[in-house]
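Visitor: Put chain L on the given structure of chain B with help from the hints.
First to last, the sequence lines map onto chains B and L. If you read the first sequence in the working numbering, its first letter stands for residue 1, the second for the next number, and so on. If you read the second sequence in the working numbering, its first letter stands for residue 114, the second for the next number, and so on.
Be careful, since some hints might not be right.
Claimed, not checked - Examples of chain B residues toward chain L, derived with CB under 8 Å:
1) 71
2) 86
3) 89
Because the hints were derived from the structure by calculation, they are not lab data. The structure presented is a predicted model; accordingly, all values stated were derived computationally and were not measured. Quick reminder that beta carbons are idealized off the backbone N, C-alpha and C, glycines included.
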Amino acid sequence: MELVVALAIGVLTGSGVWLILRPRTFQVIMGLALISYGVNLFIFSMGRLVTDRPPIVGDLAIDPSAYADPVPQALILTAIVISFATTALFLVLLLAARGLTGTDHVDGKEPDA
Amino acid sequence: MIGLLHHLLIIPILAPLLIGALQLFLTERRGIRIACALGSVLVQAGAALTLLYLTTDAMPHMWTEGVGVYAIGSWPAPFGIVLVVDRLAALMLVLTSMVGLAALVYSLAYWDRVAPAFHSLFQFLLMGLNGAFLTGDLFNLFVFFEILLAASYGLLLHGSGVRRVKASLHYVAVNLVASFLFLIGVAMIYGMTGTLNMADLAGRIALLAPQDRALFEAGAAILGVAFLIKAAVWPLNFWLPEAYAAASSPIGAVFSLMTKVGVYAVLRIGTLLAAGSEQTSFIDVGLFYGGAATIGYAVIGMLGSYRLGRIVSLYVVSSTGLLFMALGLRIDALTAPVMLYLASSVLATGAFFMVNGLVQRTRTLQVREAADVGPLPDDTYIGFDIQQRTDPLSPRDEIGVAIPAAMAFLGLTFVCCVLLVAGLPPLSGFLAKFALLRTALGQTPGTGASWYTWAFCAAVIVTGVAAMIALTRVGMRLFWSVRGRTTPRLRIIEAAPAAFLILLCLALTAGAGPVMTYLESAAQSLHSPQVYIRVVNGTQQVAP
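Next up, chain B with everything else stripped away, as it sits in the complex (with noise of 0.2 Å):
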């Protein structure tokens, strides 16, 4: 399992990085969508890959070892929210960009050929 969650997060940020290194305005917000999902995962595996443990301690808990750690999964779902919010005002931002530039480059402009 360490090695799929591994691949997933290395490919999910190396595309992402890719992206957010184009010119076009929608490769960069796919590639902050794609590293988002990367850090995501990132945090999760940092609270130990683990199967079949609950994350909530009930009342007769006496073996925290029987248990997942319960932050990096209240961790990631602050920062889903957060990054689902700053990613839909990017969007916004892109869309009043092409309108005003008249463009989806980047920087407003195209480039001299």
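Guide: Showing chain L alone in chain B's frame:
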């Protein structure tokens, strides 16, 4: 009474949160909106000044050694999130509320009517700033960073226009990437140490297994890169000059504080991590080189620009560079002058952005295109259903008291700002730079200063000279060339905030003795963070 005073720590976050949310519903009544916004900022200023007073050991039975802790949700420290105020945090809170007050009053003249969400965004920006200075939890710091950034995205776009949208596109993309780096750093630190509480973290570094240590340091380094992007250190700062110059003038004034949040974070985390272990140091000589490169970039940029807004933005960059160079020298005695320089440069740039906005108005109609603050596109008014259209360059139709001798006032404030920025006597810019130089050179009596110290002294002088040359050139063009200029009509609520910030700098100069005493005690508590760690870890539940 004492019990109630404990709750004072949450006020700088709660007041803007509630008022900012309330503002969303007060769309019709402008009078009530303004009263609420001003009330919130005044409450924050009152809370910040009281916290400043309390951290001077004025009430030793309440907070020992100037560190106050507030457990939100009443959970004890390493498990619950805590707010911590110490002397550095109190100083930053006071700076935030002063600049916030001035910028808000200034914006009432014109800018708050351009779009209905202005007051909400402004309050949320102040909330993010206050929260970032107060929090004692690493992930909470991320959340407050995001709050202030999200508000700043909206405020940078405030007023619309092609230039602002283009600058925002770069600003938002760069800061989103910085936020992802922040998250990766925080996650790695949590994965290795199992805690997010900064004080608890400092205690756990020494307990790390050797194989975990490398990963922890990598996490701290990634976190550091995120802070350096926010603080605009070369080569991570190419987004800043255009974004800050494109922002409307009151927003630029508040933005001048935002880069200093990065400096604050480096100072706070750096000193806490230094307590945890001798080998790991967050504040390192690398900061010195980064700062030097930043100054080089800013100096060349200042000498090459002819627009006032751009020069002031580049001065923000150069002041950050100087702060990091000073921190990179790793002389503990320099921390107090560093904080004085930080306070002085924030107030000076805040005033300068406002003066810049007023100076733009001396342009006549023919050269309006160059000013980039012309009338808004019609879509903006239609989109937000705004009936009353105003023009920032000639607000003739405004009701308000104009001040006499507008040109003399503009000239005088401009000269004061130049003196502050260039570090010439008699204002606080000079005192701060003098204190930096004297402390740096006085460190090693007899043996002579090292190569680093001399380079730092040269940088202090060079930034001053470059700012002087660039601003003199712009000033001559703005005030002494008659062609294409008119005498603008300035209202009191625009002129007073700029004058207020300059008077604060004057007060810093006049009260330099007590200010330095306070800053030295702040530096002392920063460099002996055992007190901070002990107080935070010993937090008990808050009395109801």
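Visitor: Could you run down the list of hints and mark each one as holding or not?
Guide: Here is what the structure says about each hint:
1. 71: holds, 7 Å
2. 86: holds, 6 Å
3. 89: holds, 6 Å
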